[in-house]
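Q: Assemble the whole structure, with the sequences as input and the hints as a guide.
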Amino acid sequence: SAVISQKPSRDICQRGTSLTIQCQVDSQVTMMFWYRQQPGQSLTLIATANQGSEATYESGFVIDKFPISRPNLTFSTLTVSNMSPEDSSIYLCSVEASWSGELFFGEGSRLTVL
Amino acid sequence: SQQGEEDPQALSIQEGENATMNCSYKTSINNLQWYRQNSGRGLVHLILIRSNEREKHSGRLRVTLDTSKKSSSLLITASRAADTASYFCATDGGTDKLIFGTGTRLQVFP
Chain A
1231 SAVISQKPSR DICQRGTSLT IQCQVDSQVT MMFWYRQQPG QSLTLIATAN QGSEATYESG
1291 FVIDKFPISR PNLTFSTLTV SNMSPEDSSI YLCSVEASWS GELFFGEGSR LTVL
Chain B
42 SQQGEEDPQA LSIQEGENAT MNCSYKTSIN NLQWYRQNSG RGLVHLILIR SNEREKHSGR
102 LRVTLDTSKK SSSLLITASR AADTASYFCA TDGGTDKLIF GTGTRLQVFP
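Taken in sequence, the protein lines are chains A and B.
To get my numbering, take the position in the first sequence, counting from 1, and add 1230.
To get my numbering, take the position in the second sequence, counting from 1, and add 41.
Hints in this document: simulated from the structure, not taken from any laboratory.
One or more hints might be untrue.
Quick partial rundown of chain A residues pointing at chain B, CB under 7 Å, derived from the structure [to be verified]:
1. Ile1320
2. Glu1332
3. Gly1338
20 Å max Cα-Cα, derived SDA-like pairs, lysine to any residue [to be verified]:
4. B:Lys138 x A:Thr1286
5. A:Lys1237 x A:Met1261
6. B:Lys97 x A:Ser1330
7. B:Lys138 x A:Ile1293
8. B:Lys110 x B:Ser65
9. B:Lys67 x B:Gly134
10. B:Lys110 x B:Asn93
11. B:Lys138 x A:Thr1307
12. B:Lys138 x A:Leu1303
13. B:Lys138 x A:Lys1237
Glycine residues also receive a C-beta, built at the ideal position from the N, C-alpha and C atoms.
A: Set out below in structure tokens:
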């Protein structure tokens, strides 16, 4: 299994500001995934982050709004830029177990934008 | 959208009863997975079933998969109040990323 730590666990932000979420894994992993979960909704994949290359974004998500860094095999950050109330969500970092294909998740970062 | 759909959206039962949740998806898959989420926290993996499997058990969980109907079900037997959570199916669509279904909110009353 993999242990994933996310910071911050929650934050209240002002409209127009940006916030960076950190994700630390206790083992080296090839791919890290960032998901968004809007209130009462399911998870939507934002992007896949590979070490040493640019993140791959899903339809509806762009790098200018959600820049991602992946400096090494155990760490990634997701920035939510120029936030609006519509960005209020839980943002979840996850990694895949290469031997099984299951995902391990961090506890999530709950953002509220006023 | 690739997203799978689950039904029911919400389910309320008494402790000791069985809970059944269904998942339908749209594309071919390599595997289907079920996850549990407590109160908006991180998801926990429950079980994975491969496309060539029809049924799988893990403790009180039983998962079935019908690839011809593109559907799966999760059965929780002898439910407990601690099973109260949201349950999501997730499919890979033959790719290396998981797409999650709409989820079922399960409430188990003591």
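Q: The structure should be examined with respect to each hint, and the outcome stated for every one.
A: Verification of the supplied hints:
Evaluation of the Ile1320 (chain A) hint against chain B yields a held restraint, the C-beta minimum of about 6 Å falling below 7 Å. Checking Glu1332 (chain A) against chain B by beta carbon gives a least distance of about 4 Å; that is within 7 Å, so the hint holds. Interface restraint check: Gly1338 (chain A) against chain B, minimum CB-CB distance 5 Å, threshold 7 Å, status holds. Taken as a hint, the Lys138 (chain B) and Thr1286 (chain A) pair is honoured in the structure, with Cα atoms around 11 Å apart against an allowance of 20 Å.
Restraint check for Lys1237 (chain A) and Met1261 (chain A): satisfied, since their Cα atoms lie roughly 19 Å apart, inside the 20 Å limit. Proposed proximity of Lys97 (chain B) and Ser1330 (chain A) is supported: the alpha carbons are some 15 Å apart, at most 20 Å. Straight-line distance between C-alpha atoms of Lys138 (chain B) and Ile1293 (chain A) comes to about 19 Å, which keeps the hinted pair within the 20 Å bound. Taking the CA atoms of Lys110 (chain B) and Ser65 (chain B), the gap is near 8 Å; set against the 20 Å cutoff, the hint holds.
About 8 Å separates the Cα atoms of Lys67 (chain B) and Gly134 (chain B), which keeps this hinted pair within 20 Å; it holds. The straight-line distance between the Cα atoms of Lys110 (chain B) and Asn93 (chain B) is roughly 14 Å, inside the 20 Å bound, and the hint therefore holds. Our distance criterion of 20 Å between C-alpha atoms is met by Lys138 (chain B) and Thr1307 (chain A), whose separation comes to about 19 Å. Taken as a hint, the Lys138 (chain B) and Leu1303 (chain A) pair is honoured in the structure, with Cα atoms around 18 Å apart against an allowance of 20 Å.
Straight-line distance between C-alpha atoms of Lys138 (chain B) and Lys1237 (chain A) comes to about 23 Å, which puts the hinted pair past the 20 Å bound.
Hint check: a violation occurs at hint 13 only; the rest are consistent with the structure.
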